[in-house]
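> Next come the chains, spelled out residue by residue.
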Amino acid sequence: MENLVKLTIDGIPVEVPAGTTVLEAARKAGIKIPTLCYLKDINQIGACRMCIVDTGARAFGAACVLPVSNGMNVKTNTPKLRSARKTNLELLLSNHDKKCLSCARNQKCELQQMCIDLGVEDTDTYAGKMNEYDIDDLSPSIVRNNNKCILCRRCVAACINTQAVGVIGPVGRGFKTQIRSAWGQSLSEVACINCGQCIAACPTGALYEKDSTKEVWDLLADTTKHVVVQPAPAVRAALGEEFGMPIGSLVTGKLAAALRRLGFEKVFDTDWGADLTIMEEGTELLGRLKNGGTLPMITSCSPGWIKFCETYYPDFIDNLSSCKSPHEMEGAMIKSYWAEKEGIDPKDIRVVSVMPCTAKKFEAKRPELSHNGLQDVDAVITTRELAHMIKQAGIDFANLPDEDFDPVLGESTGAGVIFGATGGVMEAALRTVYEKVTGETLKNVDFEAVRGIEGVKEATVKVGDLDVKVAVAHGTANAAKLLDSIRSGEKTYHFIEIMGCPGGCVTGGGQPIVDAQTRMECDPKALRAAALYREDANKPQRKSHENPSIMALYKDYLGEPNSHKAHELLHTTYTKRPKYTK
Amino acid sequence: MPDNKEKYAKLQAAIEKHKGERGAVMPVLQEAMTIFGYVPQDVQEMIADGLGVTLSEVYGVSTFYSQFSLEPKGEHIIGVCLGTACYVKGSQKILDKLSEELKIEPGRTTADGLFSLNATRCLGACGLAPVMMIGEEVYGRLTPDQVPGILDKYRTAQ
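Chains as they are written, first to last, in this note's numbering: chain G, 528 to 1109; chain U, 1197 to 1354.
No wet-lab data here; the hints were simulated from the structure.
All figures in this text were calculated on a predicted structure; none of them were measured in a lab.
Just so it is clear, CB atoms sit at the ideal spot from N, CA and C, and this is done for glycine as well.
Take these hints with a grain of salt, some might be off.
With a Cα cut of at most 25 Å, we get these calculated SDA-like pairs of lysine to any residue [claimed, not checked]: (1) U:Lys1201 - G:Pro1105; (2) G:Lys1109 - U:Ala1307; (3) G:Lys1109 - U:Val1249; (4) G:Lys703 - U:Thr1316; (5) G:Lys963 - G:Val988; (6) U:Lys1201 - G:Thr1108; (7) G:Lys1103 - U:Asp1245; (8) G:Lys1066 - G:Glu975; (9) G:Lys1106 - U:Asp1245; (10) G:Lys1109 - U:Asp1238; (11) G:Lys918 - G:Thr740; (12) G:Lys607 - G:Asp651; (13) G:Lys1106 - U:Gly1216; (14) G:Lys703 - U:Ser1295; (15) G:Lys1109 - U:Tyr1234; (16) G:Lys1066 - G:Pro928; (17) U:Lys1215 - G:Tyr1107; (18) G:Lys1008 - U:Val1249; (19) U:Lys1299 - G:Gly699; (20) G:Lys1109 - U:Asp1308; (21) G:Lys1106 - U:Glu1241; (22) U:Lys1269 - G:Thr704; (23) G:Lys1109 - U:Lys1201; (24) G:Lys1109 - U:Lys1206.
Here's a subset of chain G near chain U, in silico, CB distances under 10 Å, partners left out [stated by the list, open to error]: (25) Cys686; (26) Val692; (27) Gly693; (28) Gly696; (29) Pro697; (30) Val698; (31) Gly699; (32) Ser708; (33) Ala709; (34) Trp710; (35) Val717; (36) Tyr1107; (37) Lys1109.
Here are the computed distance ranges between Cβ atoms for each label pair [to be verified]: (38) U:Tyr1283 - G:Asn622: 27 to 33 Å; (39) G:Tyr660 - U:Asp1238: 25 to 31 Å; (40) U:Asp1238 - G:Ile844: 24 to 30 Å.
All chains, full assembly: derive it from the sequences and hints.
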């Protein structure tokens, strides 16, 4: 039996389980208490003092860390509270670079919104000395501008708690406190995995992706080049949010239309690359099972996870599938197979990837992801950057017609589209591996056991005579737990899917940012994943090996999965990386 | 260097002693200060790995408290009193003169490793204001023009 606590908030009686915070209890009563440093499940430290409430105690309490108690009488909206919150906010602003017009988070900034909500009229009430910090833009993925930082520590908590990376933290003391890496190192020098979860956590514009939109606009203006584009599965489940649509809106057709209107010569789809990945990865798994290869085999689609493994768990490098990630596979095929078919010199092709991910920017620059001196992918923009480009181009996104991707590298199955959600790569692989091994048709292609947002999922799947033991982890802190249990010998598996971001790509570091207040009401991980599963359910083909254009690719070009040619173009190697650099 | 090896062994023992304790970073950093005289990057990395915390956390603590130094301390530690009595009697001018002579800001160490310069709170010798200490030696009723001569004493003692 749950122990219930009765209290009153602004005169409204509320009954909640013991241990609930006043902030959560107020939410139940329909009262929004302003917050800045609070981020559900990630950061609850009562630091910013925006959520102060009056319980009649000597001092105001921070609602985000204040547990409810029986008979409590909470006031959230009194003249004294309003005045205190306003003073807090004005003090925060006194050391904040208020260049909102040129800020990446303009109109999507929690600090800005708070000023509007609380009626801050004069942003220079406490004008005085301000810190001036250099902007760290040396990382290929993430930019940190501490002039916009309000020291809420949401990024610090995301980095250490959800990702088990911890390469940023508070440095120094008092007015000179900064969030940054140790020893004055840039994010490009420390063992950052480029996942961008810090960006997703930031309430202001102190963290944002390294901008590549200028590079892409320049490519689109270059008439001597064939500029083609491929969006990742997860992009279609989130892009609509940037245009006012609700979380979980599916905008596949409008996405294709928008990319075409931006001027890309071909609008391909990384879902096709995902189907191809399943063919290669599934075959690799069967080979390892048959020939005594290194097990468990672990998926390699997520570049944040890959760098995490190379840096923090290098003893698992041999467990990584040698498959390139789907957009890299697709890039390699565009510059070989498609180029040959179209009679285009690969040197004249530029591949642009639209990704839910900031780590893909780092991945695209990895020297091993190239062929004949040409990188497989030339530029990566995030979902947010694409939204920005669509707005710059004056495209009325919401009213676009639904269009299709271009054949043949835009034709995909339902297995490809679920790659964007945690468990999706596993499920797609199981659909194909099961049918390849048994020669039977799956009665039900939905592997529910690997779906959902639980941090680590496990299942045993009967494939012919073999009980295949699988596990799925998302967020590198969960991945670390899983790997530790394998290291200690406590657990054994055949096949593991790991995605670097919690929720998988749908909530990747390059996706539209969901503010802390909205995250209290809904879980974008589940809503966006549901959109992808909807698309999967409505696809005529739902198994990668039934994709006609993939079958044609093997017949006409690659031979068979894991063939010599496939290895040359679609597989890669990994590098052990140091945790510390001088 | 056998000398250094011994220091790292001592640090390892300190890490083992505090491992698993809540808030172990603080006492281990303090022991490292006693062993090395400062807490450089490799020492902090060893503490982080040994205690199973991040380098960011160790570095954060080491930059929060003034008792930790990130660079080696000089052979002679100069402390200039900026307590009320000394300050009124012009100790800021003494500190400025030292900064100028040594070409370092307060809190730093000279390139030759001979001197570290610090501003301190009351040294308890207000009757002698303005006061500074070099090592255990107390210098009182100072004027800025005395500073070069005093420093020379330590320089020539080498």
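> At a threshold of 10 Å, is the proposed contact between Tyr1107 (chain G) and chain U supported by beta-carbon distances?
holds, 5 Å
> With chain U as the partner, please determine if Val717 (chain G) meets the hint condition of a C-beta pair closer than 10 Å.
Constraint on Val717 (chain G) satisfied, holds at 8 Å.
> Is the interface hint for Gly699 (chain G) satisfied, with its Cβ closer than 10 Å to some Cβ of chain U?
holds, 5 Å
> Would the pair Lys918 (chain G) and Thr740 (chain G) pass a check requiring their Cα atoms to be no farther apart than 25 Å?
With a Cα-Cα distance of about 12 Å, the restraint between Lys918 (chain G) and Thr740 (chain G) holds, given a limit of 25 Å.
> Next pair to validate is Lys703 (chain G) with Ser1295 (chain U); report whether the Cα-Cα distance is within 25 Å.
At roughly 22 Å apart (the allowed maximum being 25 Å), Ser1295 (chain U) and Lys703 (chain G) satisfy the hint.
> Are the Cα positions of Lys1201 (chain U) and Pro1105 (chain G) separated by 25 Å at most?
holds, 23 Å
> Check whether the Cα positions of Lys1109 (chain G) and Lys1206 (chain U) lie no farther apart than 25 Å.
holds, 23 Å
> Just to be careful: measuring from the Cβ of Lys1109 (chain G) to every Cβ in chain U, is the smallest value less than 10 Å?
holds, 7 Å
> Min Cβ distance, Gly693 (chain G) to chain U: is it shorter than 10 Å?
With a closest approach of 3 Å, the Gly693 (chain G) hint holds.
> Does the Cβ distance between Tyr1283 (chain U) and Asn622 (chain G) fall inside 27 to 33 Å?
Holds, since Tyr1283 (chain U) and Asn622 (chain G) (Cβ atoms, about 28 Å apart) stay within the stated range.
> Please verify whether Lys1106 (chain G) and Gly1216 (chain U) have alpha carbons no more than 25 Å apart.
Holds. Lys1106 (chain G) to Gly1216 (chain U) sits at ~22 Å (cutoff 25 Å).
> Verify the interface restraint on Trp710 (chain G): the C-beta must sit less than 10 Å from at least one C-beta of chain U.
holds, 6 Å
Comparing the model with each earlier hint shows no violations; every hint is respected.
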